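Asker: Residue numbers (our numbering), protein chains in the order written: chain C, 1 to 392; chain R, 1 to 250; chain U, 1 to 298.
Honestly, the hints are just simulated from the structure, not real lab data.
From a predicted model like this one, the values you see are computed outputs, not experimental measurements.
Each statement offered as a hint is correct.
Calculated cross-link-like contacts (lysine to aspartate or glutamate; reagent style EDC-like; alpha-carbon spacing at most 20 Å):
| no. | chain 1 | residue 1 | chain 2 | residue 2 |
| --- | --- | --- | --- | --- |
| 1 | U | K114 | C | E342 |
| 2 | R | K72 | C | E194 |
| 3 | U | K114 | C | E136 |
| 4 | R | K192 | R | D205 |
| 5 | R | K192 | R | E130 |
| 6 | C | K279 | U | E214 |
| 7 | U | K114 | C | E235 |
| 8 | R | K192 | R | E182 |
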Amino acid sequence: MTRSRLALWAVTLLVLVVAPLVFSKGFALSLLCQMGILVVFALSYNMLLGQTGLLSFGHAVYYGLGALFAIHVLNLNKVPTPFIPLVGGLAGLAFGLVFGYITTRRAGTTFAMITLGVGEMVAASSLMFPAFFGGEAGISGNRSQEPFFGLTFGPQIQVYYLIAAWLVICVVAMHALTRTPLGRMANAVRDNPERAQFVGYDPQRVRFLMVALSGFFAGVAGGLATLNYEIVSAESLSALTSGMVLLATFVGGVGFFAGPILGAIVITLMSTVLAGYTKAWPFYFGLLFLSTVLFVPGGLTGVVVLQKRLWDAGLLSRVAPVYVRMAVPGLVFVGGAVVAVEMAYRGVRLPGAWLGTFAAMAVGLLAARWLWRRESDRWAAALEALAGKAAP
Amino acid sequence: MTAALALTGVRKRFGATEIVRGVDLEVRAGERHAIIGPNGAGKSVLFNLITARFAPTEGKIALNGGEITGRKPHEINRLGLSRSFQVTNLFHRMTVFENVRCAVLWSLGHGYAFWKFVDRLRDANERAREIVERVGLAERAASPAGILSYAEQRALEIGITIAGDAKVILLDEPTAGMSRTETEAAVALIRKVTEGRTLVIVEHDMSVVFGLADRISVLVYGQVIATGTPAEIRANAAVREAYLGSAAHA
Amino acid sequence: MELFFTSLLNGVTYGLLLFMLSSGLTLIFSMMGVLNFAHASFYMLGAYFGYVISSYVGFYPALLLAPLAVGAIGALIERYGMRRAHASGHLAELLFTFGLAFLIEEVVHLVWGKSPVPYRVPPSLDGPLFTLFSATFPTYKAFMMAVSVGMLAALYALLTRTRVGLLVQAALSKPDMVEALGHNVPRLFMLVFGGGVGLAALAGVIGGNAFVTEPGMAAAVGSIVFVVVVVGGLGSITGAFVASLAIGILQTFAVAVDYKLPFFDRVTVSQTAPVLPYLIMVLMLIARPRGLMGTRET
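The shape of chain C in the complex, shown without the other chains (with noise of 0.2 Å):
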């Protein structure tokens, strides 16, 4: 392991565990267990999509039952609450080792569609056993039973720092795999199954297993939203849930292991805090998706590491006046919008408000794409010069 990236661990760890001193206050303690619980569901979603390939649509299958065995689990006071998670890994792993069986038989878009079948089909049982699913009302749980070591979990402190230890164990056991046998077929099953075939793997028995490791861990994320809502909801296996891991998986960068992290992190915000603000958040966070899928498939991390690599290359003071210049005018542009959505969720009738932010937006798209055709260029310049130097 490298020397700064022994330091990045010890950074994530300083401020896992500093984090709750300094954000103290009740909401945002909670926020950042949130955050946790999304992270870890995240980066199991991207086992998936980013290092094998495979696209879900029915991800939250694996955390909505892990959610739902650790709550019954919990319920029957025998297991301490510290190993709760590890309970819904392990029906995360049951029901991926059978709905992984399943949906691996094929890959690409029929992969996708089973597993929206699957999910769909789980989602539908739900009205068949409520008993179990917990129909409308879900299922609630008390996480402080006995003390475990002197500690209830009752306080939202100690569930936080729980909840921490599982994120520390899941993300290093996630990172692990990348760098083992099977984590490296994931990718070359993703970039050439055929290849991969004639070096001996089997592209199905790879998916199949990759499927069913990320849903241990997807049930261990299930495991902890158990621990810290103590309720569990038909919702939290249904479609929306699976969406919003894709989202969040999405635009923080399939293409890197810390992509998820950035996104989880950033729809946690959104839902939360820009939440506070505006009711059309979940639109936001739409065209953000959309953006990314248009004009970023690296996501937000991808964007990230660009600028690091244009730093690192002394490229960035090249490209830094590009981005203030292109700024005004997108700023104008954006804000156009945000003010155009505020006003139709707030039912603004008058029709000078509105022709005037249409201006406004029309006229900072017309100046952004003049502006962009003359600083194009440039930036062009830079990416070139930063691809010649990547290259030996």
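Starting from the known structure of chain C, fit chains R and U onto it as the hints suggest.
Answerer: The following block gives chains R and U in isolation, referenced to the frame of chain C:
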């Protein structure tokens, strides 16, 4: 002695058209065997039948005496047959070294392990490094495969093909699209890395075929019309007529 | 007997509605190779547009105007979004339509709110048409059937009698051929996409007031439409038709039947109704990914 590769009565139909029309072929262990033929003779289809990309409509294919008809590609590979692809077929987003390392993992018994780090697998890393060197890509080891030059990608393709230490190597037009000098380098490389193995090669370039092969089979219109040493093939009247005749049209 | 006939008629009406969605979806898939995740969202947009437009100019003009408007929006989305996503590959395209579905739902939230809008059947079509045994058959259901069948006939005529239709048919079986022939495939794509989502919108206009016009309607019908195209076979219009009717009838019947299942003593058949289509879809994808009448794998 059993043949390294034996085809008996192999046929392949696509709908109403029969592309491979009853091929019997025997490749002896340790020889370099070339399959030539004019465009559309069914060489690539034959190649894909041997490597189970397509299933034959009729007939049997045996590797070292054991039947492999109906097996899956990865199973055939594990039995000791490796192939290259006509269109370069690499793991584009991985580095040269990673490409080769992925190709050695199975043969060294690391399987689907998710409890050991690849960086710590001494055997795999050493073997991968050795192969990268042998195909002349040591200086490019850390570059992503996707940014290599065409000739370099072809060399990597050969490296991946031999990495698993298969005893039977199939190369599909390994010098297609190369310049004269690149072709010569590629032939030298193929000669070097297939030393002591059985080689089956499908090739258009006659200088490559006659310079490399111990024996040649000529495939015309889905049938093998002759098999023999380069000298015999050169002298064979039927080959001249059928092959050169239609080659002139192509 | 009475239950049987009402269920059958309801099932056929629902099935025909499904077919309006699935035919557009399968056309788009066969032509452009992309599964349009947002298809049901255009169905929803059709319902909302139908609601707004009919409140100004009445129901019948809305029947024409709403699908046209939604179709135009679809064409624009194809031109300025899909085409760009298409360039970055298959996955990007799939994700684009997925994000689009998400976004359209949010737009509906923003503009019309989260609760249902009062989109009603026009008075001229309200009321019973005839009485069968002691059950009445509503006029509006008959109207829905008529519109669906009329559209089906129009689509068939379009595909078999016009130049564009023949091109589309050619592209269905041999996608590369059409481009080789020198036709403007990008524009054809735009047309097919716009047309396909226009069909979905038409279904929305007549379905929105028969059922409920609310932000959840896209998600509710969307996954069923996927079931239909997968079971029927992607790329096959006939398959989509058969599967639409089958799934429509199956679902209405399962809901109506109250038998207890053996072995699961607390589960009735009607409770399994939501699960059945997905079970069929998953089994179909595993056993026969081409679907009932499909010509190629998904």
